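J.: Using the sequences and the accompanying hints, generate a full structural model.
Protein sequences, first through last, are from chains W, S and F.
Quick note on numbering: the first sequence equals residues 53 to 340 in the numbering used here.
Quick note on numbering: the second sequence equals residues 2 to 252 in the numbering used here.
Quick note on numbering: the third sequence equals residues 844 to 1190 in the numbering used here.
Because the hints were derived from the structure by calculation, they are not lab data.
Everything numeric in this text was worked out from a predicted model, so none of it was measured.
Some clues are possibly wrong.
Claimed, not checked - Quick list of in silico lysine-lysine cross-link-like pairs, BS3-like style, CA-CA up to 27 Å: (1) F:K1143 <-> F:K1171; (2) F:K1187 <-> F:K1171; (3) F:K1171 <-> S:K148; (4) S:K242 <-> S:K169; (5) F:K1001 <-> W:K309; (6) W:K331 <-> W:K309.
Stated by the list, open to error - Selected chain F positions facing chain W (Cβ under 10 Å, derived; list incomplete): (7) F894; (8) G923; (9) Q982; (10) M984; (11) M987; (12) I996; (13) G1159; (14) L1162; (15) P1170; (16) L1176; (17) L1180; (18) I1183; (19) L1184.
Don't be surprised by glycine CBs; every beta carbon is placed ideally from N, CA and C.
These are the residues of each chain, in order.
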Amino acid sequence: MITAALTILFHGLAFAMVLYIVSVGLGITMGLMNFANLAHGAFAAAGGYVVVVATRSLGLPFWVALPAAFVVVALAGAVVERLVVRTLYGADELRQVLFSIALLFMAIAGFTAAFGPLQQQPEIPAALSGQIALGDVEFPSYRAFVIAAGVAILAALWLLIGRTRIGMRIRAAVDNRNMAEAIGVDTRTLFTLTFALGTGIAGLGGGIGADILSITPTYGQEYLVLFLIVVAVGGLGSIFGPFLAALCIGVVDVAGKYLLPEFGAFFIYGVVIAILLAKPAGLFGVRS
Amino acid sequence: MTAAILETHALHKSFGALTVAQNINFSLEPGTFEALIGPNGAGKSTFVNLLTGLIPPTSGSVILDGQDVTALSIESRVKRGMVRTFQINTLFNSLTVAENVILALDEHHGQGWRPLPSPSRRRIIREEAYEILGRLGLDAWGNREVKELPYGRQRLVEIAIALALRPKVLLLDEPAAGIPSTETGTIIEVLESLASDLAVLIIEHDMDLVFRFAQRITVLVQGAVLARGTPDEIANNDTVKAVYLGEGIHA
Amino acid sequence: MSGIERVKSISASYPGAAASSTWRGLAMGRTGGDLAIAVLLGLGALATLLFGEAYWLLGSQVAITMIFALSVDLLVGFAGIVTLGHAVFFGLGAYTVGIASAHLGWTEPLSGLLLAGVVAALLGAVTGVLVLRTRGLGQLMLTMAFASLVYEIANRAKPVTGGADGLQGMVIAPILGLFEFDIFGLTAFLYTLAVLVAVVGLAVLMTRSPYGRSLVGIRENRVRMQAIGTNVQHRLLSIYVMSAALAGIAGALLAQTSQFVGLNVLHFSLSGEILIIVALGGAGRLWGALLGALVFTLFKDRLSALDPAYWYFWLGLLLAVIVLFAPKGLIGLVDRLLSILHRKESL
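T.: Put into structure tokens, the structure is as follows:
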């Protein structure tokens, strides 16, 4: 009984952290730029592929591959933002949704052409491939690392957003963009930076979470609903909201699948629908 | 004195510690042209929003044509004859000017649910729309999309939509805002030509306009009624002069 | 080109074409575009019927996609409600006739269509009440969440739906007891075409009615619609339900003509594709949605035969180009072409 509860909690936490790392950037960009980026998951997949290529083909260590995933994907994000996304700020929702779907589809085709349709796994360092014991229950140590990474990223974001000047500008612009511009915040640069940061973290999440959300060309489409759910439930423009939302969804989903496998993913959608109806702006929405 | 068409009883609105409408008692008779004036932030637009139901009051009531409408939705108040215009143009920008008015006419005639077109009705409704547009000098613009019109003309479309609803009470939120004073002529003419049994409440900053047309004036300061009366009474009211009008006005 | 010539003569012979101040020209271009597309589609359908036996099956697919696209355009293009879960109604319609036939022996096609429409409308009413309470991202999410939920149910309810293997064992009786579904797809083509014509006819009438105008009014300015006395929520719910019913009928047609239902009829990618079709053709223009459905289905048929992965690339590229450079869709381009021709002619 306790073993079951611990197992659910552990795997639920690991799943939740992957969801959080991938989704948190989406919530920030949506809150800041009001841009509904349905291609966000494709950036996460790109990060996954960077880690795969770095560890498998180039033989680089995992610990080098992860920061590389962040940097490469963040740069890609910055380029996409500068070239096209920026022309769609303020455009109607339908155009934004369609454009990001277009991006998603092209990414799917690109990934398939480059890496084939099958699932890819990065090489995990030996130190993380064993098991750790908690009492008389054993857990894969890689998942413990995933949990730690999720918490570390929350902490880093909290410091960045809450304690630095750039973070202060982001918060100001989320609250009231016009006012922020009026006092001289360069929102153009800020938007590019934020978009790059958000996609970069997603890339990191794709790489770290490849064990749980496997890297395939259709990654960005298959898990899109999950990422959007985390953001919608957590609330736009918040970094803690999505964390709690991811915890709630991760644990509920794992528990549901473990305890009542025949009901599959019902729980997660049920919970989401209930939350959105009770609080349309999400649990911690700065903006709806 | 005729019975009031619109009344409020102790209408009150506060957000936490901030009070934006303080127990306002107000009444408007048919055929009256009343102005609501006051400094910026006095709560004029809030008062209109309370009347129309856009924001719910904390306490108090709104009586329209003898009926308590405080709990009713915005649209049911419109159906009962209380119609407003907006301070900032709130129009159907991609539709033509005539279509803007026809939308309002359809709703007014209870045709909004009619799922099939009726060629015979179409002609009648167009004529009705153009009759209203003609009164505002907009008939030549009927087939243009609203967004192609200069701002001043768009202000007139605001009024055209309101007139199409055949209001009993018309709430005009700064109808001349944003247009040069040289072009307010048409608006003035239209206001003068309004039906004699219509009750009008106008929020306006242009004191010339207010003192020329208003039969009664209500002065709102910090969410409370400071004074009410005829233009003469208001112009000679010392408190009003001190708080709002200053010494410049000698009506 | 003879096509362009024809278009030209149509636009010139349209009543009022003589009056050509700039703005009349614009309004003309729109009606002209609708008319041009209507004529071209009609001729295309006729040619396929007479000379294109090999395309009858594809033709019925096009007709079904058109009905589905129309249902989404009414919601997205006219009323301005963005949905990423409309496949739920299409799929429900398909499963309704599928299950009715395979498990209950309800094989009569016309009553099957009606049943599918009613069932989809019921789901539309229930979810619509909830979906329309939110706006923006929350609304988008709810449409996706409901669609995912129903997908999951269909996936799990294997004894009823066949799960991932699809629903087998459907039988559909001859239409009106006379026309059996044949192997060449002639009956299927004519059947779907007839339903399409009826649906388009009703939709065209509706968009020109006061009700249709009021939907556009809500899309353009919700606040003002309320200020002229409209109960916006009720009006939106009504179109949501109607759109759900139409999508359900389209899904039912697919199930009846292919005598099979697979899980893909409920999948997210179908919801995405249908939104793409509407945007491709031109959202808010019925004839645009129809044109989009035609072009999309033909392209998909050609390109995905080459390689499914590349199909996604071309689809993405096409969509990006449309969004960035032709936000009014293909029909917007037709309009522009016509107004250029029109201007040349009046010079």
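J.: Would you mind marking each hint as holding or not holding in the structure?
T.: The hints, checked one at a time:
Only pairs whose Cα atoms come within 27 Å are accepted, and K1143 of chain F paired with K1171 of chain F is accepted, the gap being roughly 21 Å. Restraint check: the Cα-Cα separation between K1187 of chain F and K1171 of chain F comes to about 23 Å, which is no more than 27 Å; the hinted pair holds. Taking the CA atoms of K1171 of chain F and K148 of chain S, the gap is near 17 Å; set against the 27 Å cutoff, the hint holds. Taking the CA atoms of K242 of chain S and K169 of chain S, the gap is near 32 Å; set against the 27 Å cutoff, the hint is violated.
Taken as a hint, the K1001 of chain F and K309 of chain W pair is honoured in the structure, with Cα atoms around 17 Å apart against an allowance of 27 Å. Pair hint K331 of chain W plus K309 of chain W holds up; C-alpha atoms about 26 Å apart against a cutoff of 27 Å. Nearest Cβ of chain W to the Cβ of F894 of chain F: about 34 Å, over the 10 Å cut. The hint is violated. Taking 10 Å as the C-beta cut-off, the interface hint given for G923 of chain F holds, the closest approach to chain W being about 8 Å.
Taking 10 Å as the C-beta contact cut-off toward chain W, the hint placing Q982 of chain F at the interface holds, the least distance being around 9 Å. Given the 10 Å rule on beta carbons, the hint for M984 of chain F holds: about 4 Å separates it from the nearest Cβ of chain W. Interface restraint check: M987 of chain F against chain W, minimum CB-CB distance 5 Å, threshold 10 Å, status holds. With a least beta-carbon distance of about 8 Å to chain W, the hint placing I996 of chain F at the interface is held under the 10 Å criterion.
For G1159 of chain F, the suggested interface contact is upheld, since its CB lies about 3 Å from the closest CB of chain W, less than 10 Å. Given hint, L1162 of chain F at the interface with chain W, holds; its Cβ is 4 Å from that chain's nearest Cβ, closer than 10 Å. Look at P1170 of chain F: its Cβ gets to within about 6 Å of chain W, closer than 10 Å, so that hint holds up. A cut of 10 Å between beta carbons decides the hint on L1176 of chain F: the least distance to chain W is about 16 Å, and the hint is violated.
Given the 10 Å rule on beta carbons, the hint for L1180 of chain F is violated: about 22 Å separates it from the nearest Cβ of chain W. Hint on I1183 of chain F is violated. Least Cβ distance to chain W is approximately 25 Å, over the 10 Å limit. Look at L1184 of chain F: its Cβ only gets to about 28 Å from chain W, farther than 10 Å, so that hint breaks.
The structure fails to meet hints 4, 7, 16, 17, 18 and 19 from the earlier list, while all remaining hints are met.
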